[in-house]
Every structure is written in structure tokens, then in C-alpha cells.
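Engineer: The opening position of the sequence shown corresponds to residue 0 in numbering that gives the first Met the number 0, with each subsequent residue numbered one higher.
Just so you know, the hints here were simulated from the structure itself, not pulled from any lab data. Nothing false has been slipped in among the hints.
No farther apart than 27 Å at their CA atoms in a straight line, the calculated lysine-lysine pairs in the DSSO-like style are these: (1) K105 to K81; (2) K188 to K105; (3) K188 to K81.
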Amino acid sequence: MTDGPGVSPDVERLIEEIGRLRGQVSQLQARVEQLDELAHQDTLISLPNRRGFMRELERLIDRARRYDHGAAMLFVDLDGLKMINDTFGHRAGDEALIQVADMLAKGVRRSDVVARIGGDEFAVLLENATEQSAHETAARLEDLICGCEFTHDGDALPLSVAIGVGMIDGDDEPHAVMQRADEEMYRRKAAA
Numbered sequence: 000m001t002d003g004p005g006v007s008p009d010v011e012r013l014i015e016e017i018g019r020l021r022g023q024v025s026q027l028q029a030r031v032e033q034l035d036e037l038a039h040q041d042t043l044i045s046l047p048n049r050r051g052f053m054r055e056l057e058r059l060i061d062r063a064r065r066y067d068h069g070a071a072m073l074f075v076d077l078d079g080l081k082m083i084n085d086t087f088g089h090r091a092g093d094e095a096l097i098q099v100a101d102m103l104a105k106g107v108r109r110s111d112v113v114a115r116i117g118g119d120e121f122a123v124l125l126e127n128a129t130e131q132s133a134h135e136t137a138a139r140l141e142d143l144i145c146g147c148e149f150t151h152d153g154d155a156l157p158l159s160v161a162i163g164v165g166m167i168d169g170d171d172e173p174h175a176v177m178q179r180a181d182e183e184m185y186r187r188k189a190a191a
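Produce the entire structure from the sequences given, and follow the hints as far as they go.
Structural biologist: Written out as C-alpha cells, the structure is:
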């Protein structure tokens, strides 16, 4: 230790080391947040991926249980994407996916969650929804997508979807909700 009122060299080095370590911790926290976002976001579309969707579905089930209100999941299957990819290339297919994602996001409330859960599959979580309002939203989204005029390099490409509704209650498990919505989507597709 020094005899004067100043700070000893050991204390100065310790303060510098603490500052350096705080900077590293801050950088690591930012990187963890970035990796978490990458793990839960779709790489093509700025929407949650399946992992991010499952996290949101679990939260919605918890809120439905806690507040005893209705909620629903819409399982959205885009029809014709394979034909678009095979005929016009994957860039055209990617553009179709981006357009459908945009229509879905704009077609629901800001508080609802839209996610891409598979290649040509999307899901929508509707909070505070009745069975009637969920089916109305599904029908509105189907009309919106089927009525759009998607073009790629001047060629009109028809887009259509089948949407199944799965109602959510507080006793549900995420996979059971997804299964109910998926099964209804296939029933609707078979009836079309």
C-alpha cells in the first residue's frame, strides 16, 4: 500500500479488471439475446419459428388458465407452394411465403401471434377469442389470401390456404391444441 491519500496500484488494477469484466458480461448478454432471437425466429420471414410459437402457445394456455378466457389456434396450410417452387423456382416460393406471412400478420390484431411452423405451414394464436370469432377470423384470412393477386416476374400465381381452428382452454397441452387445429385443417382440406 502507498503512504499517501491516493489509490494503490493493486486497487487501480482491480478497478480496471472489474470494468473490463463488466464490458465482457454486457457483450455476452447481448450475444445471448441475439442467439435466443435466432433460435426462436424464422430465417426467411420475420416471424417466430416453431420453437418460438410453442413458447407463445404455452404462455397463451397459461393466460387462458389464469384469467379463464377463451383463446384459439389457427393452423394455416398454404396450398400450391410445391407447384410454385417446381415451376418458377424457390425464389418465387420464398416470395409467396413472405407475402402470405405479411397478409396473415396484417389480417389479425397486433396482440395476436403469427408464426411460421413449417415449410408451408403457419399458425396464428388468437387471445380472447370465442369459437365463432376464431372461425370468422379463419374465413376472413382464407378469403384474403385466396383473393390476393400474387405475381412473380409477371406471372399470376394462385395462392390458397386451408385453415383449421383449435380452441384453447386452460387445461390444454400445447401439442393437443396443435393436433386439434391440424386435424380440422385436414378435414376442411378434404371437404374442399
